[in-house]
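There are 2 protein chains.
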Amino acid sequence: MDSATFDPTTPLATATTLEALETPCLVLDADRMDRNITRLRSRLDSLGVSLRPHLKTAKSIDVARRLMSAPEGPATVSTLKEAEQFAADGVRDMIYAVGIAPAKLARVTELRAMGVDLVVILDTVEQAKAVAEASTDAGIRIPAMIEIDCDGHRSGVVPANYAQLLEIGQTLTEGAELRGVMTHAGDSYKGGGAEAQHRYAEAERSAVVEAAQLLRSAGLPCPVVSVGSTPTAHHAKDLTGVTEVRAGVFVFFDLVMAGIGVCQVDDIGLSVLATVIGHQREKGWIITDSGWMSLSRDRGTSKQAVDQGYGLVCDIQGNTYRDIIVADANQEHGIIAARPGSDARLPDLRVGDRVRILPNHACATAAQHEAYHVVRGQSHAVEACWPRFGGW
Amino acid sequence: MDSATFDPTTPLATATTLEALETPCLVLDADRMDRNITRLRSRLDSLGVSLRPHLKTAKSIDVARRLMSAPEGPATVSTLKEAEQFAADGVRDMIYAVGIAPAKLARVTELRAMGVDLVVILDTVEQAKAVAEASTDAGIRIPAMIEIDCDGHRSGVVPANYAQLLEIGQTLTEGAELRGVMTHAGDSYKGGGAEAQHRYAEAERSAVVEAAQLLRSAGLPCPVVSVGSTPTAHHAKDLTGVTEVRAGVFVFFDLVMAGIGVCQVDDIGLSVLATVIGHQREKGWIITDSGWMSLSRDRGTSKQAVDQGYGLVCDIQGNTYRDIIVADANQEHGIIAARPGSDARLPDLRVGDRVRILPNHACATAAQHEAYHVVRGQSHAVEACWPRFGGW
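For the record, the sequence lines run as chains A and B. Number 184 in full-length UniProt numbering belongs to position 184 of the first sequence; there are no gaps in the numbering. Number 85 in full-length UniProt numbering belongs to position 85 of the second sequence; there are no gaps in the numbering.
If you're looking for bench data, these hints aren't it; they were derived computationally from the structure. Treat the hints with care, since some could be wrong.
Note: identical chains are not told apart, hence a pair may lie in one copy or across any two.
No farther apart than 30 Å at their CA atoms in a straight line, the calculated lysine-lysine pairs in the DSS-like style are these [what the hints assert, rightly or not]:
| hint | residue 1 | residue 2 |
| --- | --- | --- |
| 1 | K190 | K303 |
| 2 | K237 | K190 |
| 3 | K303 | K237 |
| 4 | K283 | K303 |
Required output: the full structure, derived from the provided sequences and hints.
Rendered as structure tokens:
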């Protein structure tokens, strides 16, 4: 065998049925995806704000085009690789929503020189100075937004820290461009019910609106006021003063989102198709070829009221089996069993039969795969194969 | 920007220093890797058995060639994608060590037709019949090994189940090829000290030797008797009756292996290079651009005596900071902090400074990356960039 007779990089093929696909693989229910997008878009329309979808969950131009209001954007990305890939596919309006490292500004400058309005975020004076310096070097004004801390979960300036906020704002206005303020209520993923989510959403709104007012009262510009997380986007009642909402995982949803009540299990559009490869009947186990390499190591439901193991098991049509989960996983093996304490009986599956597994966390599970196999309709016919990418 | 002026698939470039690499990225200390390989090879030489390295950790032909005793193998793989990729690079002797799904036999047959001695494993009569049927259809004899259960952790036939073992053996001998028996002491990853590991190693040995004797006494062939896990491979005292040992993660080692005493922290050859992007000084946090997307969601040390969070933090030269870990991680953010309860002080790192993070689980962390940046010597100069692959 030489490279002329055997090419391991054969392009991804499409198949017409789930039975014909190689397993494990990623299945995307496009009907559910469309419904999830329509639902959030209608909600934000009624609140009078625009959606700047986060593309870090999908990392696919085919999904991105369905998420964005126009082929040019707006959009949010989590890596410069996403910015470069989506730019190559025509997206022109993006926020790179991870605090900028000075060494990454060369790639930002390169994208801006190609006509992409790529905006960076930051929360320190050092970063603002680095953005100003890179702007001077390139003879442009790189736009940056100040990240605001609304709940203490990770990064950002607290609005009460006036001095820091103004020093960053002034540094950017003088040497670069102050595009606005942004925040993310990471704590909203902890759940707590609708009332808690209303509070998280209001905490997001009030933090950025307060920061924007502070900047403006000092004579600094602040055109964009951006908030966003999937839970708060689905619970906000009033977004006065906010200009846009960022959200990402809602496009597919997952068991973590269902566990905190942001969606129902039958809204989850992503699953991993797996094949049964064995049984340990005396232990009540079914063994599949879908281990953590295809499901991810994410155990996001482990601290929720209902622990879904490594995922909830469905038949090939996507109908859930009551209380049947991937109880444990090795690299390329999944162990399907009844949820501890449940009286559910294992489905009667034979070697070669197929199941679909709903993921704990769509961002993490999708990242383990190179493509989405897209199904639609009652038949769950596979109508397309959409590539996705990874890396930085 | 069009595709003529911007190509997102630019080949991976090499750099000459760790300071010049884009972050996050994967760093491989080739000196440590070489030492780990030499150590296990010497050990198995003294026990009189050959090494069939598992390539699922590395998924890189450059690493595989250093692991294998010859360019043709032998080797072990966990996916047919690995078998196909390594076959394209000249490997000719492989065990696909995950129970075979009947629908995958077409790809096995195709590889065998190209001159690759690819062996499958199975533990049910149904699978043996499917292998016999595929053999008849292709006019060949597909070799299969019977997976033996030595510790109840996952798959396999228990040797005491004589009837099942013999029925599988007879089905394969009549319609395909019975290549031998194999087992894997998954429970050995739980640790328990040297004495426990000696017992796990002996449990592996005695289970397959007993199964081999049973098959042979029934007049069936059993040329290969295969055991393997990284912990047992480093603790076995006597491998009488065993013909080969499979092990994989030892090539890089990781914090889980260090936590159960199979290696020292300074044997770990894999790390993720990260850049500081912020601080929350009042919380004692340093924020980096290395979140779970680059580290993986693996929390394998969470149940060990020392919980390493999402990884142990080192300076750019790979020297560990005492008790400084990645305490939490989001998709593209890592939060560095002192280990809970420790009096360690955070290192004085500024925005733009770099650190290296030792992973909980090398297989999972490596899988998040497309290449290894290879360093060697006191200078940690980057001497190569070795591509790696994923998928099935």
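Taking the hints in turn, this is what the structure says about them:
| no. | hint | in the structure |
| --- | --- | --- |
| 1 | K190 to K303 | both (9 Å within a copy, 22 Å between copies) |
| 2 | K237 to K190 | within (19 Å within a copy, 49 Å between copies) |
| 3 | K303 to K237 | within (28 Å within a copy, 42 Å between copies) |
| 4 | K283 to K303 | both (25 Å within a copy, 23 Å between copies) |
Against the hints set out earlier in the document, no violation occurs for any number.
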